[in-house]
Amino acid sequence: MVRKVVRGFYAVAHAVKLCRPNVICAYPITPQTEIVENLAAMYANGELENCEYITAESEFGAASILVGASATGARTFTATCSQGLILMSEVLWNAAGMRLPIVMVIANRSLSAPLSIWNDHQDSMAMRDACIMQVYVENNQEAHDMIPQAYKIAENRDVMLPFMVCMDGYKLTHAYEPVDLLDQETVDKFLPPYDPPIKLTTKDPLTFGCYAPPHCYMEFRVVMQRAMERAKKVMEDVFEEWAGLTGRNWGGLIATDHMEDAEVAVVAMGSVVGLVRDVVEEMRKEGKKVGLVKIRSFRPFPVEDLRKALKDVERIVVFERAVSFGHEGPVAMELKSALFGHSDAKVYSFAVGLGGRDIPKQLVRKCIEKSEEIEPGFYFEGVKDFEEVIV
Amino acid sequence: MVDILIEVRFHGRGGQGVVTAADILAVAGFKEGYWTLSFPMFGAEKRGTPVVSYLRLSDRQIVERDEIYNPDYVVVLDPTVIGPVRVEAGIKENGMIIANYPKTAEELRKEHFSNLNSSVKVLTINATRMAMEILGRPITNTAMVGAFAGATKLIKLSTLKETVFEWFERKGEELANKNVEIVEKAYKEMEGKV
Numbered sequence: 005m006v007r008k009v010v011r012g013f014y015a016v017a018h019a020v021k022l023c024r025p026n027v028i029c030a031y032p033i034t035p036q037t038e039i040v041e042n043l044a045a046m047y048a049n050g051e052l053e054n055c056e057y058i059t060a061e062s063e064f065g066a067a068s069i070l071v072g073a074s075a076t077g078a079r080t081f082t083a084t085c086s087q088g089l090i091l092m093s094e095v096l097w098n099a100a101g102m103r104l105p106i107v108m109v110i111a112n113r114s115l116s117a118p119l120s121i122w123n124d125h126q127d128s129m130a131m132r133d134a135c136i137m138q139v140y141v142e143n144n145q146e147a148h149d150m151i152p153q154a155y156k157i158a159e160n161r162d163v164m165l166p167f168m169v170c171m172d173g174y175k176l177t178h179a180y181e182p183v184d185l186l187d188q189e190t191v192d193k194f195l196p197p198y199d200p201p202i203k204l205t206t207k208d209p210l211t212f213g214c215y216a217p218p219h220c221y222m223e224f225r226v227v228m229q230r231a232m233e234r235a236k237k238v239m240e241d242v243f244e245e246w247a248g249l250t251g252r253n254w255g256g257l258i259a260t261d262h263m264e265d266a267e268v269a270v271v272a273m274g275s276v277v278g279l280v281r282d283v284v285e286e287m288r289k290e291g292k293k294v295g296l297v298k299i300r301s302f303r304p305f306p307v308e309d310l311r312k313a314l315k316d317v318e319r320i321v322v323f324e325r326a327v328s329f330g331h332e333g334p335v336a337m338e339l340k341s342a343l344f345g346h347s348d349a350k351v352y353s354f355a356v357g358l359g360g361r362d363i364p365k366q367l368v369r370k371c372i373e374k375s376e377e378i379e380p381g382f383y384f385e386g387v388k389d390f391e392e393v394i395v
Numbered sequence: 578m579v580d581i582l583i584e585v586r587f588h589g590r591g592g593q594g595v596v597t598a599a600d601i602l603a604v605a606g607f608k609e610g611y612w613t614l615s616f617p618m619f620g621a622e623k624r625g626t627p628v629v630s631y632l633r634l635s636d637r638q639i640v641e642r643d644e645i646y647n648p649d650y651v652v653v654l655d656p657t658v659i660g661p662v663r664v665e666a667g668i669k670e671n672g673m674i675i676a677n678y679p680k681t682a683e684e685l686r687k688e689h690f691s692n693l694n695s696s697v698k699v700l701t702i703n704a705t706r707m708a709m710e711i712l713g714r715p716i717t718n719t720a721m722v723g724a725f726a727g728a729t730k731l732i733k734l735s736t737l738k739e740t741v742f743e744w745f746e747r748k749g750e751e752l753a754n755k756n757v758e759i760v761e762k763a764y765k766e767m768e769g770k771v
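Keeping their order, the protein sequence lines are chains P and W. 5 is the number of the first residue of the first sequence in the working numbering; add one for each residue after it. 578 is the number of the first residue of the second sequence in the working numbering; add one for each residue after it.
Some hints here could point you the wrong way.
Claimed, not checked - Okay, derived cross-link-like pairs now, DSS-like style, lysine-lysine, Cα gap no bigger than 30 Å in a straight line:
1) P:K207 x P:K293
2) P:K8 x W:K698
3) W:K669 x P:K388
4) W:K608 x P:K365
5) P:K312 x P:K370
6) P:K365 x W:K680
7) W:K687 x P:K8
8) P:K8 x W:K765
9) W:K733 x P:K8
10) W:K687 x P:K388
11) W:K698 x W:K687
12) P:K365 x W:K755
13) P:K370 x W:K623
14) W:K738 x W:K755
15) P:K292 x W:K698
16) W:K669 x P:K365
17) W:K748 x P:K8
18) P:K8 x W:K770
19) W:K748 x W:K765
20) P:K340 x P:K315
21) W:K669 x P:K289
22) W:K698 x W:K748
In case anyone wonders, no lab produced these hints; they're calculated from the structure.
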């Protein structure tokens, strides 16, 4: 293991290389592009053995190629975000239904219109219901560490589902910071070769994703839901094994700080977590009973862990990086549904940093403090005064 | 642990290596024992438009990923952004502005920073001329990286030269050596001005 200052892109690409993928297929989109550029360079330099690198004509094509490749038993990788992810979405629902453990990195970016290349979580949230696992990372070390873990979880025979490692575009992808880079030996010891229970071969033809009339379609949905439920335990086991192997313990499906006696819980996901933790520490030093809940796995959603962590709190402040228009922030929606009947805590959902708007420390603190004075509900914070024009 | 957090903001224009300047210092700072973080704020991503990038140096892991509003240091790579962009915005007391500017620090202060707190130090260097002389192109990032190190002494010259050489080596040894030459020249020129 060597600690080096690298860019987020490289931290991901290096980890992907060590996982010995067989097919990498992508279409460039900012701020993801340099992940696959790095992999393309590694491929061209002969660093990727037994691997095909394919540049597709679109994200739709890239996802389609990986569905075919994964069905033959290949370990596959792609990265995308924003409009690219949305364009992939039709294929990704198929990948999940066909139970193909494709691992992808989402360099989280907002959705059009208006066009924005900057960061929020609207893109991956749009894939919430697709039966694809989603883990959000806080820094580039966690992104690096999640890649081998993602393969191990996705390829587990109890799971067999696609996996999205969600990392904030620019905030993480473009940041240089120190990362302990894994070595081949460590990853080889941790991650066995992909060995699917069934695969496409010319000798033994099969059909994946075939026609399912009403008398059998529903059972496919039942087993997908069961696989997601089983994924929780698999994740916990893999996370624990990782902590033992590397000494880096990122927590379970959630990670908590100061929750033992907290009256106010702050819930966040992604790269803002570090700053939120800092604010929580600051408020603790002032004697305020505040705690942090970092949601790592958004799918499967950590219902039991959240019920346990949040059972005694009075208020819950949620930082949202997306909006479910016509309702509220998606994290609060899920959280409230998980807590219904288990907690009387008031939930305050704050949408911040949409389309890359900065989230300064003061804003984080302001939201937490504001929750003392306002009604529970959904709020946008860090918005300028403006006049609405209705045409 | 003394909990040091040094925040640096870089201003310039697309094509001058504003992002690379922060990145080089993140690598060099790490070699000096700091925990470092650099990241850009992309605008239109076009040559010539104002660009900002950020650098943090600390003795602990850096969790602050927000933009830098109250920098300890401001480094300006292009004299023409001063004015259109309020490069001095939010600078801390006893902070320092290190600018690529063809005139003296006194003249810069008079022309653009007349309301600036007197505790803030202003330093200038003609990095464009230096880059034209040595590189033949007005790319001022390595000169300003050298100037920053020379003025602040946060990074040793030898560490910076090594980092800059490694950074540009992939583009050819000649270019790497020229950039090392600029770094040294700017470092020494600044050393004399502090």
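How the hints compare with the structure:
no.: 1; hint: P:K207 x P:K293; verdict: violated, 64 Å
no.: 2; hint: P:K8 x W:K698; verdict: violated, 33 Å
no.: 3; hint: W:K669 x P:K388; verdict: holds, 25 Å
no.: 4; hint: W:K608 x P:K365; verdict: holds, 28 Å
no.: 5; hint: P:K312 x P:K370; verdict: holds, 27 Å
no.: 6; hint: P:K365 x W:K680; verdict: violated, 37 Å
no.: 7; hint: W:K687 x P:K8; verdict: violated, 43 Å
no.: 8; hint: P:K8 x W:K765; verdict: holds, 28 Å
no.: 9; hint: W:K733 x P:K8; verdict: holds, 19 Å
no.: 10; hint: W:K687 x P:K388; verdict: violated, 34 Å
no.: 11; hint: W:K698 x W:K687; verdict: holds, 13 Å
no.: 12; hint: P:K365 x W:K755; verdict: violated, 41 Å
no.: 13; hint: P:K370 x W:K623; verdict: violated, 35 Å
no.: 14; hint: W:K738 x W:K755; verdict: holds, 11 Å
no.: 15; hint: P:K292 x W:K698; verdict: violated, 39 Å
no.: 16; hint: W:K669 x P:K365; verdict: holds, 17 Å
no.: 17; hint: W:K748 x P:K8; verdict: holds, 21 Å
no.: 18; hint: P:K8 x W:K770; verdict: violated, 33 Å
no.: 19; hint: W:K748 x W:K765; verdict: holds, 25 Å
no.: 20; hint: P:K340 x P:K315; verdict: holds, 12 Å
no.: 21; hint: W:K669 x P:K289; verdict: holds, 25 Å
no.: 22; hint: W:K698 x W:K748; verdict: violated, 36 Å
In this structure, the hints that do not hold are numbers 1, 2, 6, 7, 10, 12, 13, 15, 18 and 22, in rising order.
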